[in-house]
Amino acid sequence: MEGSFLELTKLTALMAAEKIRKREISVIELTNAYLARIDELNGAIGAYITVCAEQALRQAESVQKKLDGRENILPLAGIPAGIKDNICTRDVKTTCASKMLDNFFPPYDAAVIEKLSESNVVILGKLNMDEFAMGSSNENSWYMPVKNPWDHERVPGGSSGGAAAAVASHMSCFALGSDTGGSIRQPASFCGVVGLKPTYGAVSRFGLIAFASSLDQIGPITRDVADCALVMNVIAGHDPLDSTSVDIEYPDYTTFLKNDVKGLKIGLPKEYFGSGLHEEVKAKILDAAKAYESYGAIIEEISLPFTEYAIPAYYIISSAEASSNLARYDGIKYGYRAKEYSDIIDLYKKTRSEGFGTEVKRRIMLGTYALSSGYYDAYYKKALKVRRLIFEDFQKAYQKVDVILGPTSPVTAFKIGEKTANPLEMYLSDVYTVSVNIAGLCAISLPCGFDSKGLPVGMQLIGKPFDEGTLIRAAYTYESNTGKSGVTNCGI
Amino acid sequence: MEYEVVIGLEIHAELATKSKIYCGCTTEFGGEPNTHCCPICTGMPGVLPVLNKTVVEYAVRAGLATNCTISSFSKQDRKNYFYPDLPKAYQTSQYDLPLCKNGYLEIEVDGEVKKIGITRIHIEEDAGKLIHDESGRVSYVDYNRCGVPLIEIVTEPDMRSSSEVKAFFEKLKSILEYTSVSDCKMQEGSLRADVNLSVRPKGQKELGTRTEIKNLNSVRAIVRAVDGEARRQISVLERNGVIVQETRRWDDEKGESYSMRDKEEAHDYRYFPEPDLTPIVVDEAWLDKIRSSIPELPDDRRKRFMAEYGIPAYDAALITGSKPLADFFEAAAKVSRNAKSISNWIMGDVMKKLNDTGLEPSDMPIKPESLSKLVSLIDENVISGKIAKQVFDIMWDTRKDPADIVEKKGLKVVTDTDAIRSVIIQVISANPKSVEDYKSGKTKAMGFLVGQIMHETKGKADPQAVNRLLKEELDKL
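Same order as they appear, the protein sequences are chains A and B.
The numbers in the first sequence follow this note's numbering, run straight up by one, and end at 559.
The numbers in the second sequence follow this note's numbering, run straight up by one, and end at 736.
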């Protein structure tokens with residue numbers, strides 16, 4: 068029994084769904100297999116904050132009932148998934164990995180959760196993350212740090228570290244993460260799985276607890292590219308409840324699962340290959356570029372001259388928005404409230420001092436400062452101008468090329484505690500990912516080999532707005548030809 | 260020294276939309292605490308706002324009716340501050356790109372017409388309400404009002420006296436009512452004003468230091484606050500004191516303002532563009548549609564009432580100053596042959612009743628047709644003017660039809676000469692002294708006798724008939 072359980076969790080969503088459709092396995096069996104896997108590994112890895120075993124099994128039973136005797140079954144029906152803990156789930160604790168929301172049970176589902184439920188996806192639980200999605204290592208969780216499944220001494224990346232680790236260690240078939248400055252792609256790269264940050268406005272943010280509203284986007288973390296397309300088919304689309312959601316026709320992303328990049332123009336931005344990029348990572352990305360050339364793509368060097376301003380602009384804009392978005396956690400309505408206080412101001416001060424972790428407080432301070440009168444023009448306004456310039460950089464690049472290829476992160480997974488003493492160094496590890504959020508583009512990170520320590524290396528493909536299709540096609544081509552994907556067991 | 264007072268207003272009006280600005284909750288006033296709210300207007304984690312288009316329409320209507328330029332592109336911004344009645348800890352408002360700007364209204368004070376500039380009109384959301392427990396230990400929050408749409412109207416510092424302020428405020432209020440932008444119910448807080456005021460020696464160019472008096476919610480309080488604050492500032496200057504730029508609160512009972520001096524004063528609101536909402540684009544087609552939805556405004560209506568119903572300028576101005584009152588007049592006058600009398604009733608008894616009961620014209624308990632009928636009953640000599648006042652009171656209290664009241668209570672004028680004559684004979688025999696007085700030339704006694712007759716007939720006797728018949732009977736003696 069144990070053995071077959073393990074086999075079940077190895078299946079990708081596509082494969083498992085096929086077996087469910089053919090009645091070779093039941094949704095309940097599959098769910099039980101994942102719950103057993105979580106039981107076995109979560110203690111060591113810390114990917115889940117909340118496991119909804121009972122609810123998952125109830126859901127599995129009801130889904131199985133729905134499927135019994137029905138021919139037309141939705142592609143993800145019965146597939147168990149994990150959800151990053153900043154995505155609201157009705158009556159299931161949603162914490163943002165913060166003491167502040169340790170007691171918060173939303174009375175509503177996020178739009179993406181409604182869509183998953185309609186597609187009969189089974190929800191296993193809520194995944195660990197950096198507190199309020201602020202961090203690149205998952206060390207900022209109030210509950211526990213997440214361990215990288217490939218090496219427990221190392222971080223899984225962040226902020227969707229729990230999501231990437233759960234998918235890599237087969238504690239969930241796929242996961243939903245959120246990406247504000249690389250929070251899906253960087254952990255996907257550190258954990259050797261596939262992570263897509265959709266174009267801003269492609270996936271509803273309703274029910275995603277905001278970090279930086281103009282940058283946040285929900286996206287899938289999956290074992291391979293086909294699963295990524297399947298999940299996108301469910302979550303992408305216009306939502307009238309999110310004013311920033313874009314009302315266009317969304318394609319069937321599985322139609323882009325084609326092994327064909329002939330004539331595709333791929334740009335390599337020279338700014339993404341300079342100092343700071345680890346040699347071993349650089350080598351893997353250049354190998355990938357060569358591989359693409361061999362599949363018939365055209366590789367071109369391009370320039371994104373404003374790249375060096377992306378990190379400062381990102382940390383000003385995201386912190387400014389965060390300082391406002393997180394102001395509502397004041398101890399009045401829900402969440403943590405300090406035990407003792409003398410008056411309302413004292414209640415605010417103590418609640419927020421005790422309820423938020425160091426990194427969150429740092430960003431609130433940064434953002435408050437950047438928006439303060441007298442500093443607004445020098446920081447926030449200037450950052451918005453830089454944002455425009457970065458967007459124009461990409462616009463110019465896309466006149467020449469169809470997609471941009473580069474590293475997801477300058478390094479592979481680093482050791483737990485290695486960068487916590489130096490926040491600035493930690494921020495710099497987002498150097499290749501933040502521009503995508505600043506410009507509102509889409510990007511995918513996919514495995515492209517291992518470094519000499521045996522740690523996964525991720526490469527990033529950046530696409531034009533709403534051109535996820537091309538990313539999926541390019542990623543699928545690489546994956547099909549090299550066999551490199553997140554299906555590879557991390558050895559646990 | 261002679262001083263000049265310089266006043267500008269910031270007026271908040273709750274819009275009369277059915278639902279709130281960013282969610283579908285009702286805007287209805289009252290209701291048990293926290294029953295008109297949802298996760299969106301209470302700012303729960305993860306929720307997002309969606310702008311109610313009607314809010315834009317109403318605000319644009321207000322802008323067009325006050326001669327503003329409407330921005331084809333405007334945006335919303337967050338105004339950040341902590342307060343328990345503000346669940347998101349920011350108010351979504353508009354900062355540097357308001358929906359309407361550069362408007363004006365013309366007012367008339369002491370026969371002089373003056374233009375008062377309107378700097379801007381922007382949309383924003385209202386906050387909730389704190390209810391402080393009498394023990395002083397606890398406060399409760401009611402979020403029902405949270406997210407009710409407001410417009411803030413900011414004027415230029417163009418007013419120079421409380422009468423100009425009053426004229427401007429009342430004009431603006433009537434325009435907001437006419438355009439159905441706001442119900443302007445001041446006692447429910449749907450219209451409130453902040454007064455910015457400074458004084459300077461007459462002839463001086465530079466403005467003096469201003470103070471702001473917040474949250475005035477009656478015309479009377481606004482006028483008194485302006486006069487009171489002007490007096491206070493002048494007396495400070497007279498004593499060589501210095502005016503402190505600050506926010507003050509007006510205590511209408513004591514008739515004085517006092518400094519708020521609380522921590523709110525030091526606010527840096529850290530405005531920045533609301534990232535959860537897209538810019539507001541008002542194109543020509545939409546603007547035309549809104550323009551065509553604007554009804555006749557008070558100035559036009561006043562002129563029309565004078566021409567169409569032949570009522571005097573004073574009456575027309577007063578009645579058209581309030582849309583519900585003007586609607587009431589027009590509905591009554593349309594079905595009456597005596598518009599002037601309708602107008603008199605409104606200017607007299609109706610206004611008095613409204614004042615005495617504290618009701619707004621929109622809450623008028625009588626129907627316009629009823630007033631019209633009442634006037635007809637007088638004109639057709641069915642009841643006397645004196646009886647009519649009684650009937651009016653009953654109408655007001657019971658909402659019954661005047662003809663029914665007259666019928667049921669038997670209030671019809673008695674014109675039957677035999678009936679009147681028998682009462683006269685009775686009164687004459689009961690008052691021999693007065694009859695004697697009359698006979699000896701004391702004509703005053705006649706009045707006493709008439710009074711007695713009217714008393715006996717409970718005021719229902721036709722006074723003309725009483726006079727004529729009494730004379731006849733007395734002359735017979």
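A few of these clues could be false.
Computed list of lysine-lysine pairs in DSS-like fashion (alpha-carbon distance at most 25 angstroms, straight line) [as the list claims (entries may be wrong)]:
| no. | chain 1 | residue 1 | chain 2 | residue 2 |
| --- | --- | --- | --- | --- |
| 1 | B | Lys388 | A | Lys400 |
| 2 | A | Lys332 | A | Lys463 |
| 3 | A | Lys417 | B | Lys388 |
Hints listed in this document are in silico derivations from the structure and should not be mistaken for laboratory results.
This structure is a prediction, so every number in the text was calculated from the model and none was measured.
Can you give the numbers of the hints that this structure goes against, from lowest to highest?
Hints that this structure does not satisfy do not exist here, as all of them hold.
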